[in-house]
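Asker: One-letter residues, chain by chain:
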Amino acid sequence: MAHAASHTSEPGAIDEHHWTSTGMDNRKIALWAFIGSECLFFASLISTYLVYKGKSLVGPLPHDASECVLNGTKQACEPIFEIPLVTLGTAVLLFSSLFVVLALYGAQKGNRKMMIGWLSATVLCGLFFVGMQVYEFYHFFHKGLGYSTNLFGSTFYTLTGFHGTHVSIGVIWLATMLVLAIRGKVPPEKALNLELAALYWHFVDVVWIVIFPVVYLMR
Amino acid sequence: MERSPNRAKHAWMAKAALLGLVVLAAACADSYPNYPQTTLDPRSDFTRLVDSLFRQTFWWAVIVFVLVEAALIYVLWRFRAKPGDAEPEQSHGNTTLEIIWTVIPAIILVFIAVPTVKTIFKTSLPTPNPEVEVEVIGHQWWWEFRYPKLGVVTANEMVVPVSKMIGLKMWSADVIHSFWSPQLAAKRDVFPVFPNTKYPKINPLWFTADSVGDYTGQCAELCGIQHATMGLRVIVKSDADFDAWIAARRVGSPLVEGGRVAPGVDSVWKADTIHTKGQAAFVAGGCMTCHAMAGTPLAGAMTLRGPNLSHFGSRTTLGANMYENTPANLAAWLRDPQGMKKGSHMILPRPLTETEIDALVAYLRMHK
Amino acid sequence: MATSVLEHRPPALPHAHPKTGIWSWITTVDHKRIGIMYGATSFLFFLLGGLEALIMRMQLIGPNGKLVDPDTFNALFTMHGTTMIFLGVMPLSAMFFNYFIPIQIGARDVAFPRLNAFSYWVFLLGGLFINASFIVGTPPDGGWFGYANLTSSRVMSATAAAPSPGLNIDFWVLGLQILGVASLAAAVNFFVTIVNMRAPGMRMLRMPMFVWMSFVVQVLLVLAFPVITVALILLMFDRNFGSSFFMPDGGGDPVMWQHLFWIFGHPEVYILILPAFGITSEILPVFSRKPLFGYTAMVFSGIFIGFVGFGVWSHHMFATGMGPFADTFFAIATMVIAIPTGVKIFNWVGTMWGGSIRYTTAMLSAIAMVALFIIGGLSGVMHSSPPADLQQTDTYFIVAHFHYVLFGGAIFGLTAGAYYWWPKMFGRLLNESLGKVHFWLMFIGMNLTFFPMHFLGLHGMPRRVYTYPEGLGFEFWNRVETFGSFMLAAGFLVFIVNIIKTWRGPRNAPADPWHGATLEWSIPSPPQEFNFPKLPVVHSSVPQWDARRAAGGELPEPELVSGEDIHMPNPSYWPLVAAIGVFLVFFSLLFIRTWPSWWMFTIFSVLWLFYGVYRWAFEPAH
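Chains as they are written, first to last, in our numbering: chain A, 1 to 219; chain B, 1001 to 1368; chain C, 2001 to 2622.
The shape of chain A in the complex, shown without the other chains:
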């Protein structure tokens, strides 16, 4: 706003086609608004998970042994979570946030090699995380946790599934940026294009930082 006021004294001097009140790019503000909306989206899903925590009528359960139906027979089921694997996935996702910062730094400095290298690392990390999740879903399913088996299954798959979808979209976005970068279409003056993707990616990470303890660690 102070920025805007400084212009008013000499209106003739402004570039009418690139004028913004805050001096920020429209897209950046839009993405922040969208992230605000996404916060409420995940807040609703996480609340649903928490409200129904421990209310499942049958197993399998996340942290406790239970009775469940597997292959049509009633039997005792192990707790379903395997924390080490998902901790690794979490770490990889967190590191990818660091990598995308380095890629952006490269883009802003005009260091194409640095940008392409770190961006590739970010995309690989994202792919690893999605792969981890696909493996986890597959594994849980074979341990008897279908989507509609119990409330835990429904809330868990819905919450982490929508997060996984967001990660996948982020990977597609970053991969698109990678292709553009390789083709030399992300010069320093267009680094904002990468910054937007990075901003979204950080958001997706932050959501996971909430989901991971709430779903996997909290008992």
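A hint or two may mislead.
[Unchecked claim] Here's a subset of chain A near chain C, in silico, CB distances under 10 Å, partners left out:
| # | residue |
| --- | --- |
| 1 | I29 |
| 2 | E38 |
| 3 | N71 |
| 4 | K74 |
| 5 | M114 |
| 6 | I116 |
| 7 | Y147 |
| 8 | G153 |
| 9 | S154 |
| 10 | T158 |
[Unchecked claim] Subject to a maximum C-alpha distance of 20 Å in a straight line, what follows is the list of computed SDA-like cross-link-like pairs (lysine to any residue):
| # | chain 1 | residue 1 | chain 2 | residue 2 |
| --- | --- | --- | --- | --- |
| 11 | A | K53 | A | D64 |
| 12 | B | K1342 | C | A2161 |
| 13 | B | K1164 | B | F1242 |
| 14 | A | K53 | C | M2256 |
| 15 | B | K1198 | A | K28 |
| 16 | B | K1122 | B | W1206 |
| 17 | C | K2534 | C | I2566 |
| 18 | A | K28 | C | W2616 |
| 19 | A | K28 | A | V206 |
| 20 | B | K1149 | B | G1167 |
| 21 | B | K1164 | B | D1045 |
| 22 | B | K1118 | B | P1200 |
| 23 | B | K1201 | B | K1237 |
| 24 | B | K1342 | C | L2067 |
| 25 | B | K1198 | A | D64 |
| 26 | B | K1237 | B | S1314 |
| 27 | C | K2066 | B | Y1323 |
| 28 | C | K2019 | C | A2489 |
| 29 | B | K1201 | C | Y2147 |
| 30 | B | K1201 | C | F2601 |
| 31 | B | K1198 | A | V51 |
| 32 | A | K55 | B | P1200 |
| 33 | B | K1342 | C | W2616 |
| 34 | B | K1198 | A | V69 |
Don't read these hints as lab results, they were simulated from the structure. Just so we're clear, the structure is a prediction, and the values are computed from it rather than from any experiment. Beta carbons are placed, not taken as given, at the ideal position from N, Cα and C, and that holds for glycine.
Could you slot chains B and C onto chain A? The hints should help.
Answerer: For chains B and C alone, coordinates are given in the frame of chain A:
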């Protein structure tokens, strides 16, 4: 005959004024007996609490309404544009005034909030020592009433004694309904509880009726196609009448000896021809799939889909307060339940013959 | 009031982009044209919703009505509510957002013109989709609030049938998801426009009140819509994939749906009413010739209403039995909202106090908005009290309340806006005589229709009933209401006649027919594509009044300029392609229970959407 335009205008205005007066008179002069389902004529302790709170907020609202609308109309009249008006003074606001009209509503709200909170806590209390307990179960689109301690199960018409604390425990067998008996118990939603429900939400409600009478009510939460006709009655009887009613209803009740009627004990339903024929039609027509009935094999069943029909003859209405319980209406219902109540879950396995209908009507009506 | 007929003005000067023909409308990214498309489309939906209401009033004119079947009646009130909220009032507001937010803040377009076109197309397709259910014969019938588990598709116990096995609720769920995409995209767009596209000197606290209230609305949309998105997703999964989010037989709780729905649903009420507040705050000063009384208080009361609006949702659920502490909390929070609303009402009266009031149709509608909203607000305070609400909720008393708020408030506000801004949008002044007939029919009809509902509700008539028996005393007032509703309809017929008549008449509107205060009156009627030949520089919240004062009287008509050196965004059809993609994705989900290969259709639709988005992203914008 010609009328001057002026007179015509006057006549028109007179008519308008007359119409206005009629409307006003109609609004004011209507007495409560014309509105048997009114909320404004409370007949129990519970609804009196609610009503007195409503009247307080109502009068506050009326005062605010009159003052604000009067101010508005005054401004509209006083400051109407006149030819040659100079530009009005360009005032941008007045902090003192604005503070005043922020604080005054806040104070009025305190006067509404204090009795509100008091009444919330009074009305939300768990039922204080109920003398009669009734379980209310909503079904699409009828009401089941059970008296677990008295061993009685009935439908659509709840009978309670006057001047006794009635405690209701309410749930639903399918979707959300809302029990509403405007003069006696206000309204509360009933939530589905199934045999496997782990954390059942059973809503309480209580009231002490203060006069004998017949009160109507109905479901107040959209519950499907026949939501509008999910009616109910609360019949408040004197103590003696209530005891007699209970005693009669215990015969053949599923809560008493599994619905068995010991031979000889029952002098009400003699095994005459009407009874035999009717019972045969009841079994052959497939009624038993959904209805419990004293004297039939499923008399003791509690979780059937339709209302328990033992003592059907003593109910005043049919189809959840939809039709009067007359032989003609009952026959029409048995002939074509979907025509009488579209979408109702009563679907006949096969059309009944006229002979069967006659037998069933006589049979059902003799069970008083 | 300026009613002088100006000379016929030649149409706007030729421009680089095609200006006529269907293709020019399909590919347009001009916020003004998109605004007009929003207006036309939503007015048609509004008439449809009104027709549904008239059929219901005919059914209820007497006891034991036989005009429509009970299931049809359920569909009528469900679609009446859904249509009026999502396809009527919201997009009618969006028409004004589109047309006037950019102009009032001195911008040439919205922040993302193509996203704006996308919003419109998604809205149109969503509206058509949800109404197509009538043609297929499975209209939504679970109420606009779609309470679970009435909206469940599965059999839950041996004694309870599946409440809604058909496609009715699927149409509703998926249609609302489509409309949610449109609303969210539009909200982000306007949010950024207001934050970032203000002309030099247009500080936040100099913005017109309409822009301010719209700004609050965008924030509410951005934060409230994701919640119903989640609720609808969960309901959809319950219906199609056997989960139990709201299903008691699997451990779920139908009350959870109510919470999620009303966390969205209550802010939604303010989404509907705040634009009308904004319009009223524009019109009252202009026709009183006085600035808005207490501008800052008006801004902050609007923000406060929006903020607290997120903390009162459970007052829709007092009858569910939440316990005394929750009841108390939500009752007090609800009462608190009455305070900023009162501030608004008093400031409006204060604006007119000492003024010189001209009774144009726009002004009459704005005044009626204030007068009627008071009634809706006061009945609102009456059922903010939970025990009293135990009698009122789900009765016609509530129907009366929210029609005073949404018809008396929102529709009268929007009508005021229509008469006020029509000359700016179309270069023609609506006929004032017809306008007054329209206004009085609407005003009297509105009160005849909705005021008796207070009596009926208190006398025990529940909502959403397709009929009522004789003997409950409901006959008289129902007849009065039906009569009133036809008066209302007659009012809108007069409005349509007025529109047609004006359409055929000459372009008679000067740039500033009302002596307006804000920037839209400084440019020609209708504005040129680029709005402002030069970005205006703003020094107060009433720039046009400043200019008049500086000129010492009438301002000259603004010149039309060629604007060849002004770069406006290119037209594009990719927003439409992407919008069709969104539509197809949700359309494909309609077949989950009926077509085993539905997912192939979904994958196809997602690819279509991605293709549209990619082409859009890589298309040069200018």
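Asker: All the hints need checking, so say for each whether the structure fits it.
Answerer: Structure-based check of all given hints:
no.	hint	in the structure
1	I29	5 Å, holds
2	E38	7 Å, holds
3	N71	18 Å, violated
4	K74	18 Å, violated
5	M114	25 Å, violated
6	I116	20 Å, violated
7	Y147	6 Å, holds
8	G153	8 Å, holds
9	S154	4 Å, holds
10	T158	7 Å, holds
11	A/K53 with A/D64	12 Å, holds
12	B/K1342 with C/A2161	15 Å, holds
13	B/K1164 with B/F1242	11 Å, holds
14	A/K53 with C/M2256	13 Å, holds
15	B/K1198 with A/K28	48 Å, violated
16	B/K1122 with B/W1206	11 Å, holds
17	C/K2534 with C/I2566	9 Å, holds
18	A/K28 with C/W2616	18 Å, holds
19	A/K28 with A/V206	18 Å, holds
20	B/K1149 with B/G1167	12 Å, holds
21	B/K1164 with B/D1045	11 Å, holds
22	B/K1118 with B/P1200	28 Å, violated
23	B/K1201 with B/K1237	30 Å, violated
24	B/K1342 with C/L2067	14 Å, holds
25	B/K1198 with A/D64	18 Å, holds
26	B/K1237 with B/S1314	15 Å, holds
27	C/K2066 with B/Y1323	16 Å, holds
28	C/K2019 with C/A2489	35 Å, violated
29	B/K1201 with C/Y2147	16 Å, holds
30	B/K1201 with C/F2601	41 Å, violated
31	B/K1198 with A/V51	14 Å, holds
32	A/K55 with B/P1200	12 Å, holds
33	B/K1342 with C/W2616	52 Å, violated
34	B/K1198 with A/V69	19 Å, holds
Of the hints listed earlier, those the structure fails to meet are numbers 3, 4, 5, 6, 15, 22, 23, 28, 30, 33, in rising order.
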